[in-house]
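*Asks:* As a plain string of letters, each chain reads:
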Amino acid sequence: MSNIYQPDLMTIAKVINEAPGIKTFHLKFQDEEVANNFSFETGQFGEYSAFGAGESTFCIASSPTRPDHIECCFRETGKNTAALANLTEGDTIGFRGPYGNTFPIDDWKGKKLIFIGGGIALPPLRSVIWNCLDLREQDGRYEHISIVYGAKSVADLVYKREIEEWNEMDNVTMVKTVDPGGETEDWDGHVGFVPHVLENDFKPDPENTIAIVCGPPIMIKFTFEALERLGFKQDQMVTTMENRMKCGIGKCGRCNIGSTYVCIDGPVFTATELAALPNDF
Amino acid sequence: MKTATLNKSDIGKCIDLLVQSDLRVIAPRLQPRLDDEGTDSIDVLTFTEVDSGNDHQVGEGLLPLNGVKEFLFAKHEPLFAYEKRGKKVEIIPVHHEYPQTVIIGVRPCDAASIASLESVFSDANAGFEDPFFTERRSRTTFITYSCTAPDASCFCTSVDLAPDSSKGSDLHLTELGDGRLHVEVITEAGEAVAKKLEALLEGEGDQAAREKAGASVHEKLTRLRNSAPIMDWLMDTANFDDEMWQRLGEKCIGCGSCTFVCPTCHCFDIVDENKGSKGYRVKFWDSCQFDHFTLHASGHNPRDWQYKRYRNRFNCKFKIYPEKFETQGCVGCGRCIRACPVNLDITEYMAEVAHKAANPNAMKADSDFE
Amino acid sequence: MIEQIRNQARKLLEDGDVDVVIGYAEGSDPARTTPVFIRKAEDVDKLIYDPRCINSLPLYLNKRHEYTRKGWKKTAIIGKGCDIRAIVQLIAENQLKRDEIYILGVPCEGQVSHPEKWDGSLHDGNRASKCIGCDVMTPHETDFFPGDKPDVDRSNPYEVTSPKVANLMELELDKRFAFWRTDFDRCFKCYACREVCPHCSCNVCITDETTPSWIDPAAHKKGVFSWHLTRAMHLVGRCTGCGECTRACPMDIQVDLFNQRMKEVVQESYSYKPGYSLEDKHPLITYQVDDREDFIK
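Protein chains in written order, with numbering that gives the first Met the number 0: chain Z, 0 to 280; chain P, 0 to 369; chain S, 0 to 296.
The shape of chain Z in the complex, shown without the other chains (with noise of 0.2 Å):
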């Protein structure tokens, strides 16, 4: 019987410095056969430890089409994140999972997809966004794909790099912006939070569109509500919650929100499954 507390040992094979306090981890399996047998898909979590300190809830911030490594992307927040944030190239960690449910990008086919981002709430969305990315080149998918990701100030964006490759790609709509007072002088994207932009400045057009919106709870709310007065309906609104969480397994009874457990039953949810939710988050 295995041992479902026990994790895999990864190594780190690249430190990046994304923003202040805020890291991306390259990691690699130490054992062959587990790296062999490895496989996820976009919207799943896992839990990486520093070993030592505890074990800590990230999304796979990587896309399943690019198999070579995994990626985490965290802040550094308190004792399990600063342990992490001490690590170097060749450190090792430890891995479990991955856990959780996955986005449906299959159900998008043929559809326009709008990722909706702020903060350190990009990781998750990255994967998803290389994955249908990738997925499109293959053979054309998604009709297009937009972007409107914020931050509290141009140091804070995270994925800075990605942010203007996405700005180059054909197809694809990038809206950045920062939070009034986070401008620098050479910015040239817009002023102003996520769902404010959203609803004044980029206006979607809800026809044959999904809406996948990651981010604090305070953000996931005002953005569905600006959604809707853009006309969104409730299930082309698609999320990943967050919560707080210790097993990723649906055991320790932590991360509920009423009788759903984020963990197994999330963490992606449309608006639909977030309204019929109890007020518990």
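FYI, nobody ran anything at the bench for these hints, they're computed from the structure.
In this text, a Cβ means the ideal position worked out from N, Cα and C, and glycines have one as well.
Errors might be hidden in some of the hints.
To be verified - Below, in silico cross-link-like pairs of lysine to any residue (SDA-like), each with a Cα-Cα straight-line distance of 20 Å or less:
(1) 277(P) <-> 86(Z)
(2) 78(Z) <-> 307(P)
(3) 78(Z) <-> 261(S)
(4) 78(Z) <-> 275(P)
(5) 307(P) <-> 70(S)
(6) 62(S) <-> 30(P)
(7) 78(Z) <-> 202(S)
(8) 116(S) <-> 30(P)
(9) 151(Z) <-> 299(P)
(10) 62(S) <-> 302(P)
As the list claims (entries may be wrong) - In silico negatives: residues of chain Z with every beta carbon more than 10 Å from chain S:
(11) 81
(12) 108
(13) 141
(14) 161
(15) 182
(16) 185
(17) 187
(18) 205
(19) 224
(20) 230
Position chains P and S against the provided structure of chain Z, taking the given hints into account.
*Replies:* Positioned in the frame of chain Z, the structure of chains P and S alone reads:
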């Protein structure tokens, strides 16, 4: 089903026989006391390991304070050890074999909770099987004992159980009132234990007397609640914001007692315990009543006030367990009522919900929290 | 007597002098009482007082239970002597302001230790041991007291502690340790002892700190011992002897024996008993030039 008779006075000998056949035996026992305990000492009854039949309280008293949860879902469990050497880490399994165990004197409410814990920790839950729980569960046999004297806090009959229920039992004992016990072999594991006790078992028992004796205890319960409408009322998410939660939960101090003594509460935490470059990753009991249980690293806390945390507990017992895990959340053992230092009473919540469910259009209670 | 309390409570609420009256009401079974928060004058008849009222209510004034105090500007609270000691200590420690609290003192002849011992009256067979030798049966600091307050000599610096402390101290060290190992085997770190304590008021308890993790939260021997010993040390010179920690423990562990022993040590060293004076500074956080130093080796 095989049945037999056992003399109640032979229980000590039963324990001796089980110990002698190399089984680990757990039975209710009174804790030893200091001399001159003073007027405010009370009996402390807990399930502990016994090495002979000389000192046990099987069939006496009521509910041991600890229940059987800690023998299946350990209070703290090392998951594995690790050792860091430079950039490398070695994971060292710490598994040691759990001994074959018999727990004797388990009351029906505690026995009914076993299925609930199984529904969380087995692979029936999202396909993940907790190996620690599974090993302990598979190596434990339960000899259960019908109740004869429920106290004012017991309410098993209000949650579809009974003081003589054999749910969850491997071998079930019921007093017949004349110094004899009616023995029922419920499972194969019970059969294996009965075989070890052959010398003390005789005859075929007395089914009619057993049923009569068992039924006569049902009416002794004084705490009666209608639990039928509760789940549906909780399923209506509008009721999640009802004023009753804050009104009833205001005095809750978040001590967590209720969750730790509850046979079906299963929340746990995982931390690394370090000593230099070595350590253990440990799983241990946690409580949804603690103020930081759902605290995000960002500082956001979905359950920031205590009454919200107790609301979650009530929901877990009467909605999450039956809806998600399809087992019973509350077994009516009454431990949370006895343990609560401020007399927060889950059956008061039950009564309030039943009242609201029956009077959906009534004027809202004149609450301080409108 | 309770009628006078109810009348005063009614008056305070009607005049708007207090936002809430904290007291005792009938519990969910005949042997128990429960804390109640009365906000409307017409509800004061719920207030009761008898030997079943062993709960210490000042824990709700402690900032750890801040959510309960939300919006209260001035609070009236029913207090028997030991509860008022806790309130006085909270004020002396600057956790409360005297003018935030209106103390409705009640006379007390003792409380019944456990609901299962209640048989209709208080007597020597069910009196809690904390009540024996109590010198605040007529409470010392009140804003209202039904009837006359007789003078009580409270100058004795020694509080009566439980005979169980003396029993334990007579045991040899290894037997004493064995006693605690057996009792602590039952502890599962529920922290009920902390939550009922009026003086455990740290916003983030030391055991909940993670950076660093001072005390292992798990309920193994190290985690259990380190918690209880730390708490005992944090309460030295501050514990006012309400005994709630032991009463609240769901596994009936006599955790307050540590506090009682530490009280004896504080009495011997400083002749100090907390909770009697609003101005007293407790000896472990103040320095006087003439402090004894002969026990510092």
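*Asks:* So, for every hint listed, does it hold in this structure?
*Replies:* Do the hints match the structure? See the list:
1. 277(P) <-> 86(Z): holds, 17 Å
2. 78(Z) <-> 307(P): violated, 27 Å
3. 78(Z) <-> 261(S): Violated: residue 78(Z) and residue 261(S) sit about 34 Å apart, past 20 Å.
4. 78(Z) <-> 275(P): Holds, because 17 Å separates the two Cα atoms, which is no more than 20 Å.
5. 307(P) <-> 70(S): Distance ~18 Å between residue 307(P) and residue 70(S) Cα, so the pair holds.
6. 62(S) <-> 30(P): violated, 36 Å
7. 78(Z) <-> 202(S): holds, 19 Å
8. 116(S) <-> 30(P): holds, 19 Å
9. 151(Z) <-> 299(P): holds, 18 Å
10. 62(S) <-> 302(P): holds, 18 Å
11. 81: violated, 7 Å
12. 108: Nearest chain S Cβ is 45 Å from residue 108(Z), so the label holds.
13. 141: For residue 141(Z), whose nearest Cβ neighbour in chain S is about 43 Å away, the distance exceeds 10 Å, so it holds.
14. 161: The claim stands: residue 161(Z) keeps its Cβ more than 10 Å from every Cβ of chain S (closest is about 32 Å).
15. 182: Nearest chain S Cβ is 34 Å from residue 182(Z), so the label holds.
16. 185: At roughly 38 Å from the nearest Cβ of chain S, residue 185(Z) sits farther out than 10 Å, so the non-interface label holds.
17. 187: holds, 40 Å
18. 205: holds, 41 Å
19. 224: Fine: 28 Å to the nearest Cβ keeps residue 224(Z) off the interface.
20. 230: Given that every Cβ of chain S is farther than 10 Å from that of residue 230(Z), nearest at about 40 Å, it holds.
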